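Please construct the entire structure, taking both the sequences and the accompanying hints into account.
In terms of numbering that gives the first Met the number 0, the sequence shown has 261 at position 262, counting the first letter as 1, and numbering is strictly consecutive.
Heads up, simulated DSS-like pairs for lysine-lysine below, C-alpha to C-alpha not over 27 angstroms straight-line:
| id | residue 1 | residue 2 |
| --- | --- | --- |
| 1 | Lys304 | Lys44 |
| 2 | Lys244 | Lys44 |
| 3 | Lys375 | Lys188 |
| 4 | Lys375 | Lys227 |
| 5 | Lys115 | Lys101 |
| 6 | Lys115 | Lys227 |
| 7 | Lys330 | Lys44 |
| 8 | Lys115 | Lys44 |
| 9 | Lys330 | Lys304 |
| 10 | Lys304 | Lys244 |
Here are the simulated distance ranges between beta carbons:
| id | residue 1 | residue 2 | range |
| --- | --- | --- | --- |
| 11 | Lys115 | Thr381 | 35 to 43 angstroms |
| 12 | Thr381 | Leu247 | 25 to 33 angstroms |
| 13 | Pro248 | Lys227 | 36 to 44 angstroms |
Simulated from the structure, these hints should not be mistaken for laboratory data. The structure presented is a predicted model; accordingly, all values stated were derived computationally and were not measured. C-beta atoms are modelled at their ideal positions from N, C-alpha and C, and glycine is treated no differently.
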Amino acid sequence: MGNDNILINTNGQKPMQEETHLNEWGHLQLDGGVAVLDVTNNLTKELGYFIQVGFGTPAQRHSVFLDTSSLSTYILSVDCDSCAAAGDDEKGYNSSASSTHKDNGTSVELDYVYLKSSGRASQDSMTLGQVEIQDQWYQESMHVQWQGVSYDDVWIIYGILGLGNPHARGAVKGSRSALTNAAIQGVLKTNVFGLKLASPGQLMIGDVNQQLFHGPITWFPLSNITTKVILPEAWQTHSDSGGVKFELPSGQYREWPLDNHTVLFSTSFPYIYLDSYTASSLMDALGFDFDQFMLPPNVPCEERKYMPDVSLTIAGHTFILSPYDYTVEWKWPGYPMGCVSAFSFFDPEEDNAPNQIILGSAFLRKYYSIYDYNSKAVGFATLA
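Have a look at this one:
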């Protein structure tokens with residue numbers, strides 16, 4: 000991305016000068032509306048990331064899944080009838096033990112990537128690091144139905160914190176996301192959060208940690224919200240021009256156009272999702288093996304040093320992914336480590352849905368990403 004301290008607006012030629020304050024933020028400040036939370040990679044195959052959140056007064060701290068493509072927050076109740084946390088005060092949320100809990104008697108159904116959750120809409124204080132948000136709406140989950148297929152132990156998901164696009168409409172009617180509530184209550188230094196997924200991971204809410212990145216920040220302005228995308232609450236941008244390519248030993252390029260796409264940024268999806276034709280052609284050309292039973296396309300890990308870099312262009316800006324970026328190391332007990340492709344397939348099911356690219360955790364972990372509520376933009380910078 001270069002070394003000049005400039006900001007780039009990817010959908011135009013003019014730098015976003017009004018945002019230059021972001022790259023001037025100095026040393027870490029843990030007071031005055033800034034929350035700093037450790038991010039851990041608890042789902043190593045599906046690249047799921049977790050943080051500690053406090054619910055209630057006094058705060059009951061629980062490890063929850065971090066989701067940048069949802070506005071909803073839920074926590075398993077000790078009264079859940081189908082949860083691993085049922086009856087476990089250390090894992091389930093006990094609303095009766097909180098002096099600030101409010102139950103409005105409304106039933107709420109939530110549908111996530113891995114599960115469907117039913118429960119009641121509740122309000123309580125929420126503690127994120129050093130920041131406390133009052134009267135935050137969330138779902139107190141009473142029943143969970145797991146769905147889909149996962150290679151990881153998704154039963155460790157006891158809750159989800161939704162940090163999706165706050166300009167979208169939340170799943171719980173009439174409720175506000177945690178970031179929106181924090182902005183309205185004025186408890187943050189700045190209405191922004193910065194995220195580093197690579198270990199050791201960190202989520203900073205209310206500021207960005209300049210010590211974790213360098214060089215320019217490349218900005219993607221948020222596109223108009225459409226409900227026809229798979230993740231309507233995700234931070235998203237529009238890409239008029241784009242593509243994916245890599246260089247052959249002959250010096251020629253294999254390339255696939257990705258023009259006129261909606262691009263979604265999501266920590267709830269692990270990989271880099273392209274349309275089926277592009278993804279399968281790309282992986283085949285890169286040498287991934289599609290034939291191993293019950294495994295995604297993969298290569299021997301030792302082969303990665305011979306594989307080419309892949310250029311992914313979004314809205315005219317190119318990101319370079321090394322073979323170590325576009326593969327994920329999988330380890331099974333008793334078997335050697337394998338490396339599966341971080342590219343995957345996605346085709347919209349809904350008629351007239353726009354072309355979509357999902358840049359999941361495999362992409363996000365390579366960069367320091369910044370989510371700006373006020374400026375309606377997502378930024379990426381090179382990790383320090």
